[in-house]
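S.K.: All chains, please: the whole structure from these sequences, using the hints.
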Amino acid sequence: MMDLREKAEKMSEMLKDENIVVTYRPVIKNNVTLDALGVRTGRSTEAVLYYTTAWEFMDDEAIKSMLLDAINKFQVTESDLDFIKNRDWILDHIYVKLISNVNTEFLSVNHLPLYPVMDMFAIFYVRLPEQMIAKKDGITATMNLTSNVLSMNNITLEEAYKAAVSNLEKELTICNITDEIMKSVPPEFQDSIHMADFFLPIWICSNKINIQGAAVMLCPSFAEAVSEYICGDVYVLPSSIHECLIAPASDMDPEEAVAMVREVNATKIDPENKLTDSVYLLHEGSISKIA
Numbered sequence: 158m159m160d161l162r163e164k165a166e167k168m169s170e171m172l173k174d175e176n177i178v179v180t181y182r183p184v185i186k187n188n189v190t191l192d193a194l195g196v197r198t199g200r201s202t203e204a205v206l207y208y209t210t211a212w213e214f215m216d217d218e219a220i221k222s223m224l225l226d227a228i229n230k231f232q233v234t235e236s237d238l239d240f241i242k243n244r245d246w247i248l249d250h251i252y253v254k255l256i257s258n259v260n261t262e263f264l265s266v267n268h269l270p271l272y273p274v275m276d277m278f279a280i281f282y283v284r285l286p287e288q289m290i291a292k293k294d295g296i297t298a299t300m301n302l303t304s305n306v307l308s309m310n311n312i313t314l315e316e317a318y319k320a321a322v323s324n325l326e327k328e329l330t331i332c333n334i335t336d337e338i339m340k341s342v343p344p345e346f347q348d349s350i351h352m353a354d355f356f357l358p359i360w361i362c363s364n365k366i367n368i369q370g371a372a373v374m375l376c377p378s379f380a381e382a383v384s385e386y387i388c389g390d391v392y393v394l395p396s397s398i399h400e401c402l403i404a405p406a407s408d409m410d411p412e413e414a415v416a417m418v419r420e421v422n423a424t425k426i427d428p429e430n431k432l433t434d435s436v437y438l439l440h441e442g443s444i445s446k447i448a
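Under the working numbering, the residues of the sequence shown are numbered 158 to 448, in order.
To be clear, the hints were calculated from the coordinates, so they are not data collected in a lab.
Treat each hint with caution, since some may be false.
[What the hints assert, rightly or not] With a straight-line Cα cutoff of 25 Å, these simulated DMTMM-like cross-link-like pairs (lysine to aspartate or glutamate) come out:
(1) K164 with D226
(2) K446 with E315
(3) K221 with D192
(4) K173 with D226
(5) K365 with D427
(6) K365 with E385
(7) K173 with D217
(8) K327 with E316
(9) K221 with D174
(10) K425 with D408
(11) K167 with E213
(12) K221 with E315
(13) K365 with D249
(14) K425 with D192
(15) K186 with D174
Here the structure is a predicted model, which means the values were calculated and not measured.
M.R.: Here's what the structure looks like:
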C-alpha cells in the first residue's frame with residue numbers, strides 16, 4: 158500500500174499554486190478506520206477521499222486530477238454553513254441513521270449524540286443544500302450533527318429523534334428483491350423470464366436515495382407499510398446500514414434468519430457498512446430483537 162502521508166505531502170506541493178492543501182486523514186467510521194486524503198482550499202471545508210486499491214495504479218498526475226475534481230465538485234465555505242445555526246432549518250432537514258452500539262470509538266471521537274434503539278444507536282445528520290455542491294452529478298453530501306450543534310440550537314435528543322424519524326418517514330420505500338435482481342438482467346432477456354418462477358418473498362426497505370436507509374424500521378408507519386406485502390409476523394433483517402430486508406417469519410426458523418444475516422455480514426458487506434448481526438421480529442406493530 159502506498160504511503161499516504163508521503164503522498165499527501167507530495168500532492169500539497171504539486172497543488173500549492175492553487176492554494177490547495179492535502180493531508181493524510183485516517184477516518185474512524187462505523188466499525189472500521191479508513192485511510193483517506195483530505196483536500197481543502199482557503200477557508201473551505203475539507204473534502205475527504207477514501208483510499209482504494211485503484212490508487213496504486215494511478216500516477217501522481219492522475220491522483221492530482223482526482224483531488225482537483227473533488228474540490229471542484231464539493232467546496233463549502235464557512236459562510237455556507239450558517240444553516241447549522243438555524244433551528245427551524247435543521248428540524249426540517251434532519252434525518253436519522255442507525256449504527257452498531259459496539260462502536261464506541263467512532264462515537265466518542267466524533268462527539269455524536271446517541272439515541273439508543275434496541276442493540277443499536279440512532280445518530281443524526283442533515284443533507285447539505287444542493288447549491289453547496291458545485292457539480293452535482295448525483296452527489297448527496299451529508300453532515301453528522303454533533304451534540305454541540307443540537308445544544309447550540311436548543312434541540313433536545315427527543316426532539317431531534319422525533320423530527321428525524323418524521324422526515325425519514327416521507328421517504329420510506331419497499332420493493333421486492335426479485336425486482337432488484339431483474340434490473341441486472343439485460344432487457345432482451347427479460348421477456349423470456351417468467352417472474353412467477355423466480356419470485357422470492359423478501360422485500361428491501363430503505364429511503365428514496367438508498368443511503369443510510371436501514372433506519373426506516375424506526376418509522377411509525379413501517380409496520381403498516383410492511384403489512385401491505387406480508388401478513389402476520391415478519392423478520393426484519395439488517396442487511397447493512399443502508400437497507401433492511403423483510404421476510405415472513407413463517408418461512409424460516411429464527412436460527413436460519415440469524416445465520417443468513419451473519420453470513421451476509423461476513424462475506425458480502427464491507428465493515429463500514431455493517432449494522433448488526435441481530436434479527437428483529439415485527440409482531441403486531443412492534444419491533445423487538447429476537448437474536
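S.K.: Starting from K365, check that the Cα of D427 is at most 25 Å away, please.
M.R.: It holds: about 22 Å lies between the C-alpha atoms, which stays within 25 Å.
S.K.: Keeping to a limit of 25 Å between CA atoms, is the pair of K221 and D192 held or broken?
M.R.: holds (17 Å)
S.K.: Given the hinted pair K164 and D226, is their alpha-carbon gap at most 25 Å?
M.R.: holds (17 Å)
S.K.: K425 and D192 were given as a pair; does the straight-line alpha-carbon distance stay at or below 25 Å?
M.R.: holds (21 Å)
S.K.: Is K221 within 25 Å of E315, Cα to Cα?
M.R.: violated (44 Å)
S.K.: Checking one constraint from the list: CA of K186 to CA of D174, max 25 Å. Satisfied?
M.R.: violated (32 Å)
S.K.: So if I understand the rule, the pair passes when the alpha-carbon distance is 25 Å or less; does K327 with E316 pass?
M.R.: At roughly 17 Å apart (the allowed maximum being 25 Å), E316 and K327 satisfy the hint.
S.K.: For the pair supplied as a hint, K173 and D226, is the alpha-carbon distance within the 25 Å limit?
M.R.: Cα-Cα ~16 Å, so holds.
S.K.: Is the Cα-Cα distance between K446 and E315 25 Å or less?
M.R.: holds (22 Å)
S.K.: Tell me if the straight-line CA distance from K365 to D249 falls inside 25 Å.
M.R.: holds (17 Å)
S.K.: Run the distance test for K167 versus E213: straight-line Cα separation, threshold 25 Å.
M.R.: Holds - the C-alpha atoms of E213 and K167 are around 15 Å apart, at most 25 Å.
S.K.: So if I understand the rule, the pair passes when the alpha-carbon distance is 25 Å or less; does K221 with D174 pass?
M.R.: holds (13 Å)
Of the numbered hints stated above, those contradicted by the structure are hints 12 and 15, listed in ascending order.
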